[in-house]
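Chains as they are written, first to last, in our numbering: chain A, 1 to 325; chain B, 1001 to 1164.
Some hints could be false.
Unchecked claim - Selected chain B positions facing chain A (in silico; Cβ < 8 Å):
{"no.": "1", "residue": "F1029"}
{"no.": "2", "residue": "L1033"}
{"no.": "3", "residue": "A1063"}
{"no.": "4", "residue": "V1071"}
{"no.": "5", "residue": "T1127"}
To be clear, the hints were calculated from the coordinates, so they are not data collected in a lab.
Positions of the beta carbon are idealized from the N, C-alpha and C atoms, including for glycine.
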Amino acid sequence: MRDVLAAFILLNAVVLIVTYLTYVERKFAARMQSRIGPYRVGRPHGWLQPIADAIKLVIKEDIIPALADRPVYNLAPIVFLIPSLLIFATIPFAPGLGLADLNIGLLFFLAVSSLEIVGLFMGGWGSNNKYALLSAMRGVNQIISYEVPFVLTALIPVLLAGSLQLSAIVEAQRGLWFVAYPVLGQLAFIAFVIATIASENRVPFDILEAESELVAGFRVEYSGMKFALIQLAEYTHMFGVSCLGALLFLGGWLGPGSAHPVVGAAWFLLKALFIFLLVTWVRWSFVRIRVDQILGLSWKVLLPATLILLMATGFWVALRSGHVA
Amino acid sequence: MTLEAAGFWGLAPVLLASSLAVVLSKNLFHSVLYLALALVATAGVFLLLQAEFLAAVQVLLYAGGVITIVVFAIVVTERLVGERLAQTNRGVINGGLISLAVLIWIVVFIAGAQLPRTAPPPPGDLTQAIGRDLLTRFVLPFELLAVLFLAGLLGALFFARKEE
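Please model the complete structure; the sequences and the hints are all you need to start from.
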């Protein structure tokens, strides 16, 4: 019973945070472009805007295209959303503050978030719209290309910490955050951020959304609450991966006064927000690159680079523990 | 009824129904989606057996990866070029007979086997044990598999290469 309650609270907290992340992103982007951003709804600074957006989306008409594959089309937003929410089950927010600190936490995260592609493809195919299908094709292409370097970079902290358990990975950073390890840490972090941006389909890797050519990509036929679910899933996943980055490289909840769970959780969220803003910063600064450039970057640069980094980490860990004579 | 039994009886019908739907569904795309469901349900069964590592790998590799590739195959062959393909079920009777034979064989095998009454306790950190065994006791088969995959990759590259 206590677990159910905890899951309920966590779910609502995550959805609330993610709702306000859209607001943060809009404000941040507006500042970058010398605008003000949302301002009218709620004072000060339009803080009610995300709520207003949600209400607007709920009361909008739900349209199902006549030629759509109805069950697939209707299920897609749900299949897309569930993995994004499930990944939070294993994230430790502070020592002892989390749903399930699995001993295969990182693997669980990677496995569950790899299911997202099924929902994305269901949406693209079920809509029976050529823009949606093209977008879903591009999405599958890109996500399988970037999943490999993403997993490899995520393995570097695992090697350094010697555990797949996310809380153990954080505890291993008590002396020095993994991002601060000379050369290795910074390169791994950069690779992680690039792979994150690509697996989130953010600019400059947003060919599957590509407003100027594909309208809005795989979600072009969705309206109302289903559109809201897809948006929610996307931002939730983004937030989840930001949390993962904070855990793997930025020392999770570690920081001054982190012995107290509330302070620890605050540090953790601050670090996750930092990664989220880093990705947002890139998004609003760059232009979209071509499909072949995206795939070339993944297979020809990122994959060999992460493999070499992983091997170097392995050597380093072996040297540190004195197994190499 | 224990939680494990409840989980099993919850998962088993889903697994059976989705597996049947994979072969019986007329729409190829729907079969792939049922395959994804069947693979995730299998991962659930692994979870019930306390093989968390196996369950996670099952989802990561199969449900995520294989589905993607199957979907690719369908899309390339079906809607983008040429006619729409529907799945045909000409071999229903033969397939059914073979499945029945395999089922009987497995049931006879299990009935004849000596099984412990209670499950043995899992030996500590399973993930660590699997990793250690893969790189010590089973290092030769493991490396052979890697060579096999490399050969497959090279073969694929050879076939995908443009004719000169």
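Results of checking the hints against the structure:
1. Checking B:F1029 against chain A: minimum C-beta separation of about 6 Å stays under 8 Å; hint holds.
2. The closest approach between the C-beta of B:L1033 and any C-beta of chain A is roughly 7 Å, which is under the 8 Å cut-off, so the hint is satisfied.
3. With its C-beta approaching chain A no nearer than about 6 Å, B:A1063 sits inside the 8 Å limit, and its interface hint holds.
4. At its closest, the beta carbon of B:V1071 sits 6 Å from a beta carbon of chain A; the interface hint therefore holds under the 8 Å criterion.
5. Taking 8 Å as the C-beta contact cut-off toward chain A, the hint placing B:T1127 at the interface holds, the least distance being around 6 Å.
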